[in-house]
Structures are given as structure tokens and as C-alpha cells.
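In the order they appear, the protein sequences are chains F and G.
Quick note on full-length UniProt numbering: the first sequence kicks off at 1 and runs consecutively.
Quick note on full-length UniProt numbering: the second sequence kicks off at 1 and runs consecutively.
Simulated from the structure, these hints should not be mistaken for laboratory data.
A couple of the hints might just be wrong.
[Claimed, not checked] Facing chain F, according to a computed beta carbon distance under 7 Å, are these residues of chain G, among others: (1) 13; (2) 16; (3) 64; (4) 68; (5) 71; (6) 136; (7) 337; (8) 375.
For glycine and all other residues, C-beta sits at the position ideal for the given N, C-alpha and C.
There are 2 protein chains.
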Amino acid sequence: MPTWTLSCSSCDYTQPGDARAGVCPKCGQPLLARYAPVAPWTTSQRWDLWRYESVLPLMEGETLVSLGEGLTPLVEAPGLARRIGVRRLWIKDEAQNPTGSFKARGMSVAVTRARALGATGVVIPTAGNAGAAIAAYGAAAGLPVRVYAPRTTPAPILSIIRSLGADLHLVDGHIGDAGKLSRAFAAESDFFELSTLREPYRVEGMKTMGYELAEQLGGRLPDALVYPTGGGEGTVGIWKAFGEMRDWGWLPNDVRFPQMIVAQATGCAPIVRAFEAHEDRATPWENPATHAAGIRVPGPLGDRLLLRLIGESGGSAAAVDEDAIREHTKTLAESTGVDAAPEGGAALAVTRLLVDQGRLSRDAEVVVFNTGSGASYRVDT
Amino acid sequence: MPTWTLSCSSCDYTQPGDARAGVCPKCGQPLLARYAPVAPWTTSQRWDLWRYESVLPLMEGETLVSLGEGLTPLVEAPGLARRIGVRRLWIKDEAQNPTGSFKARGMSVAVTRARALGATGVVIPTAGNAGAAIAAYGAAAGLPVRVYAPRTTPAPILSIIRSLGADLHLVDGHIGDAGKLSRAFAAESDFFELSTLREPYRVEGMKTMGYELAEQLGGRLPDALVYPTGGGEGTVGIWKAFGEMRDWGWLPNDVRFPQMIVAQATGCAPIVRAFEAHEDRATPWENPATHAAGIRVPGPLGDRLLLRLIGESGGSAAAVDEDAIREHTKTLAESTGVDAAPEGGAALAVTRLLVDQGRLSRDAEVVVFNTGSGASYRVDT
Chain F
1 MPTWTLSCSS
11 CDYTQPGDAR
21 AGVCPKCGQP
31 LLARYAPVAP
41 WTTSQRWDLW
51 RYESVLPLME
61 GETLVSLGEG
71 LTPLVEAPGL
81 ARRIGVRRLW
91 IKDEAQNPTG
101 SFKARGMSVA
111 VTRARALGAT
121 GVVIPTAGNA
131 GAAIAAYGAA
141 AGLPVRVYAP
151 RTTPAPILSI
161 IRSLGADLHL
171 VDGHIGDAGK
181 LSRAFAAESD
191 FFELSTLREP
201 YRVEGMKTMG
211 YELAEQLGGR
221 LPDALVYPTG
231 GGEGTVGIWK
241 AFGEMRDWGW
251 LPNDVRFPQM
261 IVAQATGCAP
271 IVRAFEAHED
281 RATPWENPAT
291 HAAGIRVPGP
301 LGDRLLLRLI
311 GESGGSAAAV
321 DEDAIREHTK
331 TLAESTGVDA
341 APEGGAALAV
351 TRLLVDQGRL
361 SRDAEVVVFN
371 TGSGASYRVD
381 T
Chain G
1 MPTWTLSCSS
11 CDYTQPGDAR
21 AGVCPKCGQP
31 LLARYAPVAP
41 WTTSQRWDLW
51 RYESVLPLME
61 GETLVSLGEG
71 LTPLVEAPGL
81 ARRIGVRRLW
91 IKDEAQNPTG
101 SFKARGMSVA
111 VTRARALGAT
121 GVVIPTAGNA
131 GAAIAAYGAA
141 AGLPVRVYAP
151 RTTPAPILSI
161 IRSLGADLHL
171 VDGHIGDAGK
181 LSRAFAAESD
191 FFELSTLREP
201 YRVEGMKTMG
211 YELAEQLGGR
221 LPDALVYPTG
231 GGEGTVGIWK
241 AFGEMRDWGW
251 LPNDVRFPQM
261 IVAQATGCAP
271 IVRAFEAHED
281 RATPWENPAT
291 HAAGIRVPGP
301 LGDRLLLRLI
311 GESGGSAAAV
321 DEDAIREHTK
331 TLAESTGVDA
341 APEGGAALAV
351 TRLLVDQGRL
361 SRDAEVVVFN
371 TGSGASYRVD
381 T
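Can you make the complete structure from the sequences, with help from the hints?
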């Protein structure tokens with residue numbers, strides 16, 4: 001079993017890993033788990049992300065809450081690589097998780113810790129898929145779940161949340177508005193708030209995508225990694241994993257980390273705007289609007305972490321409009337067989353844009369993330 | 001690489017494994033692949049069903065068509081076991097496949113073989129999920145896909161089929177009516193017809209569920225296995241796997257095979273009717289009707305195979321009504337966190353019915369299959 005402390009991602013605050021934690025009590029920025037050094041690359045035989053339990057926050061005697069999350073496929077798409085104009089291209093298909101999105105990873109770990117720490121319930125604001133995931137893991141853990149979601153959340157996602165027995169509250173506004181209600185409810189109840197980066201464990205689940213990539217590519221890493229980014233926990237988690245693997249000697253000495261590329265929509269692009277202005281933090285986006293619901297996050301708490309990792313990796317950030325997202329969602333689905341979500345389409349569109357602009361090498365090997373299932377978005381018949 | 005022949009499941013016909021094959025040309029019954037004996041239990045490191053490639057129909061130099069199918073979780077549900085009244089209960093959650101159902105398994109193998117044999121396209125009739133799966137694997141293989149589906153197929157499934165670029169034809173009637181159109185089109189084109197049990201390779205993909213169960217349970221098998229059964233390829237495939245593992249010495253000598261339990265809906269229960277009448281074949285169900293679309297199959301070609309394996313396993317067949325299916329779909333979702341499809345609800349309802357009737361021991365360890373995702377069925381908002 002690993003041991004860990006919780007360190008602020010921005011200041012020098014640190015606390016033991018076994019106590020309940022939210023954001024940094026000194027500066028309000030996200031806390032991240034820091035582990036004692038662990039033995040070289042060890043995995044269990046499990047067919048889920050707990051395969052990497054030697055680097056996950058689980059203590060002796062605790063029961064984990066798992067529904068088979070993780071170990072998603074890395075689908076190579078040579079036809080799409082030719083079309084986009086890069087050397088190799090893979091789709092990491094996160095649709096094949098419980099409730100159809102990458103959000104399952106974070107919730108498996110965060111709900112495991114919440115239950116271990118005695119939570120009587122869990123609550124979040126969501127732009128969509130995280131609400132479905134927390135409903136599933138809450139049900140699996142036997143914990144009541146409350147979800148605040150924008151009224152504009154895709155209907156199939158709202159339907160999953162309801163069908164799993166969660167208490168769903170629709171909000172007029174965006175995830176930021178939902179967040180205020182969620183935090184107010186948490187303050188007056190015993191429910192743990194598991195909002196993105198407002199507690200340190202969802203990121204721990206997310207980081208397993210980084211471990212999986214290294215394992216699936218035989219210890220190599222791609223040249224670039226394109227992630228549709230809203231709250232940022234996926235991107236932050238993967239970058240954290242690369243750092244851990246490097247620090248612990250799990251990667252070849254000459255490994256080069258990928259350029260981390262943040263994909264957003266022109267209707268909600270706070271990280272892109274800050275990146276282009278060379279800022280180290282983002283200002284909230286006014287009137288956020290995109291049909292790629294998962295990236296409609298106007299003021300992510302992870303803004304500084306995101307901007308920092310883009311810089312450290314020599315990466316980039318770019319936004320594409322609604323038509324480009326639609327077109328590339330269709331291209332992704334029809335040319336690979338992956339049931340692409342709009343967020344996956346946005347990531348593919350950004351990949352093409354950067355290649356066309358000469359910001360991403362035509363010699364690059366690129367991993368594009370499809371973070372959810374197309375089925376969770378479509379309401380046409 | 002394994003070698004195999006194709007043998008009729010009913011008469012003495014046999015043919016080489018490397019030629020194109022449909023049903024038995026002598027008697028019209030399904031052909032099944034029979035392998036030369038293979039070495040003891042070997043698996044590859046792949047994170048999909050091709051992990052069992054030593055017992056799958058792939059020849060030297062062939063490229064497989066894969067989207068990460070299989071290796072689905074076996075979720076233990078102690079609360080549900082208590083509620084149903086059995087010793088242990090697991091959900092095998094097939095929703096975590098490409099396009100959200102177990103149908104991905106069969107299509108990965110069948111489309112791999114169809115492409116290797118030079119198909120210019122693939123066509124099927126479907127009750128729902130198989131259409132989504134063939135659309136995905138056809139896109140992955142670069143083959144045109146034509147699908148005939150009842151107009152009553154759940155809208156989210158039709159939407160997946162369309163989004164993956166397949167040529168979808170809606171049919172007034174049930175899958176039997178769609179089948180006539182599909183076969184007529186195949187007869188006048190170069191498209192391969194990949195209808196359930198009308199070619200031998202979808203079952204090969206399905207059998208991997210049996211291998212996975214044995215691996216996940218450490219070489220043991222459960223006492224009973226409850227499968228929502230329409231065309232029968234899942235049930236037939238799993239039973240075939242158990243026989244292969246026994247014949248090849250992959251299982252402990254004292255292993256007891258599970259009772260195979262076929263779950264159907266009272267609105268379409270041809271196998272249950274034949275089982276209760278002690279027949280060795282079924283007559284087509286008149287006016288089939290159930291909201292669990294995947295088991296709305298009035299005249300499955302696999303009827304004899306199903307009735308035979310129920311008998312050989314000391315199993316059973318039972319049907320439940322629409323209210324029971326709805327109630328148990330809800331119970332399954334809320335008590336486990338699995339996004340249950342109506343077919344999974346039907347299987348759970350049949351499990352409870354058989355326990356209540358004393359036909360399934362309260363001491364039993366039971367695996368219940370959730371064959372698809374609930375998200376593929378819900379259209380409410």
C-alpha cells in the first residue's frame with residue numbers, strides 16, 4: 001500500500017494524506033497527492049485502473065469502489081493520420097468506461113476515499129458526464145448522491161443520472177452557477193463535495209490514463225497528446241502521471257514527454273485566451289456556449305496548473321468553432337468506428353488546425369482523446 | 001495461430017475453415033468452428049478479447065479489426081445477492097464494450113473474417129445493438145455496412161448506427177422481417193451477410209465471455225449463468241467456450257459447468273415455450289412484443305442449440321413480463337451503479353423468479369449478464 005501526503009499545487013502548504021481534504025486552506029488552490037517513492041513498475045492482474053494500485057490512494061483494509069473503469073483501448077487510426085497529415089495517430093477511447101466517459105476514473109478513486117473517510121453522501125456540480133459517473137459510483141458505494149447540472153446538459157446524460165437513483169437538480173446557467181449551489185449544499189450537510197480539483201482524488205483516477213498510455217506504447221510516449229479540456233482534471237492527471245513515472249524511474253532515461261495540447265471551443269476558451277496572452281492564470285469566460293458540454297467550463301480552478309503544464313511540455317492550446325467540432329466528430333466516427341463525442345471531435349479538429357498552422361509537426365505521433373460516448377449526446381432520432 | 005474446420009451443429013457436414021461459410025449447405029443449421037487441440041491456457045497481453053487469440057479464427061498474416069472489445073468487468077453485488085436471495089451474485093457488464101453492448105465481440109471476429117475473405121461490404125438484420133456494432137466494425141475495417149432494423153428499435157441505437165456512417169433501412173415488423181430483406185440484398189450483392197448464427201464467426205467472438213469468466217473467477221465457474229436470450233449467440237458462444245476449455249484441459253478436473261438459464265420476455269418467449277413443452281426445437285412466436293428490444297427475436301435459428309445446451313447443463317428457461325423487466329432494470333441500476341439495459345433487467349427478474357419458485361438454489365453463485373447499456377434505450381428527458 002502506498003503512503004502519501006497532500007501538497008498545495010501553488011504554495012508550500014502540506015498535510016497528511018489520511019485526513020479529509022478540499023482545496024489548500026492557505027491559498028485556495030488545488031491539493032495534489034505526493035507519494036513516498038515506490039518500487040519500479042508494478043501492476044496487478046486487475047482489468048481496471050486499480051491495476052496501478054501501488055500508486056493510488058488506498059489504505060490497508062479499505063474496500064475500493066469499482067465498476068471496471070479504465071484499461072480503455074488505444075485505437076490506431078492510420079487512415080485518419082493520413083487525412084490529418086501526421087505520421088501516426090491513435091484514439092484513446094474513453095467512451096468504454098462505466099457510464100460512457102473518462103469521468104468514471106476520477107469518481108472510482110474519489111468515491112473510494114470519500115466512503116473510507118466516512119462521507120454520508122457525495123455532491124458535485126457537473127457539465128454532464130461527471131454527474132453520470134458520480135451517480136454510478138455513489139450507487140455502487142451505497143452513498144446518496146446529489147448532482148447540480150445545467151438545464152442544457154444533453155438529455156441522455158441527465159437520463160443516466162436519474163436512472164442510477166441520484167438526486168438531480170437542474171440549474172439555469174453553467175457549471176459555475178451549479179458549483180455555487182453544490183458548495184452551499186455541502187456546507188450545510190455532511191455530504192463530501194467532489195468537484196473537479198476541489199478535492200485531490202479525482203485527479204488520482206485521471207492520472208491512470210498516463211500510466212496506461214505508457215504501458216500500451218511499451219514505455220514510449222507519443223510526441224503530442226490532444227485533450228479536450230474543460231475543468232482540466234484529465235490533462236492535469238496525465239501530466240502528473242508522467243512526472244511520477246519519471247521521478248520513480250518507470251520510464252526509459254531518454255524519454256521525451258509529449259507536447260500537451262489543450263483543445264477548447266471558441267464559445268468557451270478561457271485557457272486558450274490566457275495561453276495566447278502569455279498569462280499564468282485565466283479569467284472566466286463570459287457567456288460560455290458550446291454543444292460539446294464537457295468543455296463548457298468558463299472558470300476552471302485548474303487554470304494555473306493547465307497553463308503551467310502547457311508551458312513545461314512545450315505544448316499549446318487552441319479552440320475550434322461549433323461547425324468544426326461537428327464535422328470532426330463525424331469524421332472521427334466514420335473513419336475509425338469509435339462512437340465519438342463532440343469533445344473528441346473538438347480534439348481532432350484542434351489537431352488538424354495545429355497541423356495546418358504548422359504548430360504540430362507532420363512527423364508527429366499523436367494521441368487524441370475521445371473522452372465520452374457519442375450516444376450520451378445525441379437526441380435526434 | 002490456430003487451425004480450424006467448420007462443422008454442422010446438427011448433421012455430419014464439415015468443411016475447411018479457410019473458405020467462406022454461411023449455414024450448413026446440407027441441413028441449413030448453424031456451422032461452428034472446431035479447432036485442432038491447442039496448448040494449455042495461454043493469453044496475450046492485449047486488453048481486448050484477442051487476448052484469447054490462440055483459440056480465435058485468425059490466420060497468419062491477417063489483420064484484425066478491433067476497437068477494444070471484451071475484457072468487461074465482473075461486478076460483485078453482495079447487496080443484490082441478499083435481495084434476490086442467493087449466496088453470491090455478479091453482474092457481467094457488457095455495456096462497457098464499443099457501442100455499448102456485447103454485440104461488439106461477435107462483430108470484431110466476424111468482420112475480421114469477412115474482410116480477410118474479401119467481402120466488399122457487410123449486411124445484417126438487427127433487433128438493435130448488433131446494428132450499432134456492425135456499423136462500428138465496418139467503419140473500422142473500411143467496409144460499407146447495410147443494416148435492416150425494425151422501425152421500433154430504440155432511437156439512441158438507430159442514432160449510433162447512423163452516426164457511424166452505415167446505410168440504415170427501417171423495416172415495418174420484427175427482426176425476422178428484417179432478415180428476409182437482408183438475405184435478399186446479400187443474394188444480389190457481394191456483401192457478406194453476418195446474421196446471428198447464419199455464419200460461424202460471431203459465435204467465436206461471443207465465446208470469449210466464457211473464457212473471461214473462467215479467468216476472472218480463477219478457473220472456477222459459477223453455479224448458474226443467466227443470459228437474456230434473443231438470437232442466442234451469447235448463450236451458445238459461452239457454452240462452446242466451456243466445452244473447449246474442458247476438452248483442452250484448461251479447467252480443473254472437478255469443474256462443474258454452470259446451469260445455463262435462458263431469460264426471455266413473456267411477449268416473446270419461443271425458447272421458454274419449447275423448453276416447457278420438452279421440444280427440441282422452437283416454433284416462431286406470434287406478434288413478438290417487448291421493450292427489451294434485444295430479446296425480441298421470434299424465430300431464432302439457434303433454437304436447437306439453445307434447447308440442447310439448456311438440457312446438457314441442467315439449466316432452465318423462464319420469461320418475465322414488461323413490468324417485472326422495468327422494475328428489475330431499476331433495481332439493477334440503483335443497487336449496483338451499473339447502467340442497466342432492459343435485457344439485464346429481464347435476466348435479473350428471471351433470476352429472482354427462479355429463486356422464488358425454488359428452481360434456483362439459494363446457495364447458488366450466479367452470474368447475471370447485462371448485455372447492453374441503459375443509455376442505448378432511454379428516450380425520456
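Restraint outcome when residue 136 of chain G is required to lie within 7 Å of chain F by C-beta distance
OK, holds: residue 136 of chain G within 7 Å of chain F, min 4 Å.
Closest C-beta approach of residue 64 of chain G to chain F relative to 7 Å, hint status:
With a closest approach of 12 Å, the residue 64 of chain G hint is violated.
Residue 68 of chain G as an interface hint toward chain F, with CB separation required under 7 Å
Since the shortest Cβ distance to chain F is 2 Å, the answer is holds.
Hey, does the residue 16 of chain G contact hint survive, CB to chain F under 7 Å?
Result: violated, 30 Å to nearest chain F Cβ.
Holds or violated: is there a CB of chain F closer than 7 Å to the CB of residue 71 of chain G?
holds, 5 Å
Given hint residue 375 of chain G near chain F, where the shortest CB pair must fall under 7 Å
With Cβ-Cβ at 5 Å, under 7 Å, it holds.
Less than 7 Å between beta-carbons is the criterion; does residue 337 of chain G satisfy it with respect to chain F?
holds, 3 Å
At a threshold of 7 Å, is the proposed contact between residue 13 of chain G and chain F supported by beta-carbon distances?
Given a least distance of 34 Å, the restraint on residue 13 of chain G is violated.
Checked against the numbered hints given earlier, this structure breaks hints 1, 2, 3; the rest are met.
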